[in-house]
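Chains S and F are the protein sequences, given in the same order.
All residue numbers for the first sequence refer to the numbering used here, where the first residue is 1080 and numbers rise by one.
All residue numbers for the second sequence refer to the numbering used here, where the first residue is 1080 and numbers rise by one.
Mixed in with the good hints there might be a few duds.
Short derived list, chain F residues pointing at chain S, Cβ under 8 Å [as the list claims (entries may be wrong)]: (1) Met1342; (2) Arg1352; (3) Glu1356.
Hints in this document: simulated from the structure, not taken from any laboratory.
Quick caveat: nothing in here was measured; it's all calculated off a predicted structure.
Idealized CB from N, CA, C, for every residue including glycine.
Protein chains: 2
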Amino acid sequence: MPTNRQVLLDNRPEGEAVASNFKVVSVDTPALTEGQVLVRHHYLSLDPYMRGRMNESKSYAASQPLGEVMIGGTVGEVVESQHPKYQVGDQVVGMGGWQEYSVVNANEPGALRKADTTHVPLSYYLGAVGMPGVTAWYGLVKIIEPKEGETMVVSAATGAVGSAFAALAKARGCRVVGIAGGPEKCAYAVAELGYDACIDYREHKDMYSLSKALKEACPKGIDGYFENVGGMIMDAVMLRMNAFARVALCGMIAGYNGEPLAMANPALLLINRVKLEGFIVSEHMEVWGEAMKELGTLVAMGKLKPRETVSQGIESAPEAFLGLLKGKNFGKQLVKLI
Amino acid sequence: MPTNRQVLLDNRPEGEAVASNFKVVSVDTPALTEGQVLVRHHYLSLDPYMRGRMNESKSYAASQPLGEVMIGGTVGEVVESQHPKYQVGDQVVGMGGWQEYSVVNANEPGALRKADTTHVPLSYYLGAVGMPGVTAWYGLVKIIEPKEGETMVVSAATGAVGSAFAALAKARGCRVVGIAGGPEKCAYAVAELGYDACIDYREHKDMYSLSKALKEACPKGIDGYFENVGGMIMDAVMLRMNAFARVALCGMIAGYNGEPLAMANPALLLINRVKLEGFIVSEHMEVWGEAMKELGTLVAMGKLKPRETVSQGIESAPEAFLGLLKGKNFGKQLVKLI
């Protein structure tokens, strides 16, 4: 019976999240009962949505309970099985949480999925060909509904969602402009991810300066915007929106630390007859199959080459997560557990 | 050849609009050419959107040119005709502007519509059974898409749009809660317009106080919101929105005087997966027939009893318009010209 190291939420952040909000513990993995599977995690996914779960206040999902294993997506392999559909050695994707092993009730619909690693590396199932990729797909295809020749903009451009968004939008004949933090990320966005241009928001002190850079990068204006960040970046994009632009509102990372961030000029939504929609991908699982098929194909064809930042060992998860919230990662943030 | 008094936009407002932005002039009505019709206006419609047109800045429609007759909807009768489809005495609806007469090219599609006054008073074609009514219809039916039993909220509740919105939403089995300025308007909203409740925003100093009143009036939360105002009222409504709420964004009157009004907490749009859409009814004329039929029927059945505030004479138009912007009118603001 292997020992399982876990990261629990020990206490809630006051303002910024800190490492002492978490606690690492060791427990024995329990014996399996009928229908259960023991999964050894190879990778844990770290994602901005987790910060929202750490708060007690109403967020876009249930709060993470104190004293329990932090929620999170995982990929790994089956090491013990009491379920006829899963064999030892199967590679699987699930929501195992911040721990080295998880016991999964494999009869629960959607609790576990097998991962085909013929053309797609296992870790990608946590990023470009996983929840973040499907998030990009849903926002682009179902909310923004891009037309060929239109201009799409995405913030957090080199993250897992942004990387997938760029490949999906290019495949639809759009001009795609990213917004990211720092010259290295911007260069990578254009060289490796297929962006037509990428703007370093750190070079801009206010929304007017950023908006001017957007005007140069988007000479025909902005038709679709995938929002991962909120705040000043969103305000700047709104100044360049075309009539009938669409906004997929997926994240507001800049406002997670307590104080809500205002939107400077909501009247622009009326002036430009914008359609804006907030969404959580887990409420739209009906698109999963179609989205995963396209994302897997883009990876296999070399048109989606996401980058990963990998930290080693379960005890590194809290610091890696805090770094993610500050934009220190480059591409999908993972924790390697083997 | 009758003399025609006109109100021109003489200069653009700096900040608040004032009477001296306008100028009244007298001109002769010209002789008609083939296809033209001379309409004597009975009523001129005054509407908040006109304030946007007075600015030079990008607004949700073209600027009103200086030195020209202010744009505006009118109802009246044909007094001279060079068009076979229109006879002297026909009652018509058009966009005649702030003047006593207009010469209309009746061949232009949509320039003139005949008004059936059997069951609907002529002036209603500028309000409940006109552009404002169709505006309410589009926002409710096409954007909010209400379900029976849901709770709808509308700001500027006793105005032309709000009055129609309430009747249309009640006809769909919704709870309808209005927001208006002053106890008289609120009492009228409940007694005459069919609102289940109406909140006087003047009794509330901030969004938290108003939001508390909304909680009482909307015990099941808010599923649909028709926004005519913006600012603090919208912020308060957003605090009470249910998951998957829809917002039809039609007006931001509070922000017209230059400085944009911020939205306090746009993250709520994500948290509650809200769909928000800005619109201008004139871009959706395909719904006109269906909307007008329902609105006319509601009036004929006594289920839509809009109130009107009528000022007398073309020279009263500027002051009546400035009063409208301050909420001094009660129901649809008209200028009677005969």
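Cross-check of the supplied hints:
no.	hint	result
1	Met1342	4 Å, holds
2	Arg1352	5 Å, holds
3	Glu1356	5 Å, holds
In this structure, every one of the numbered hints holds.
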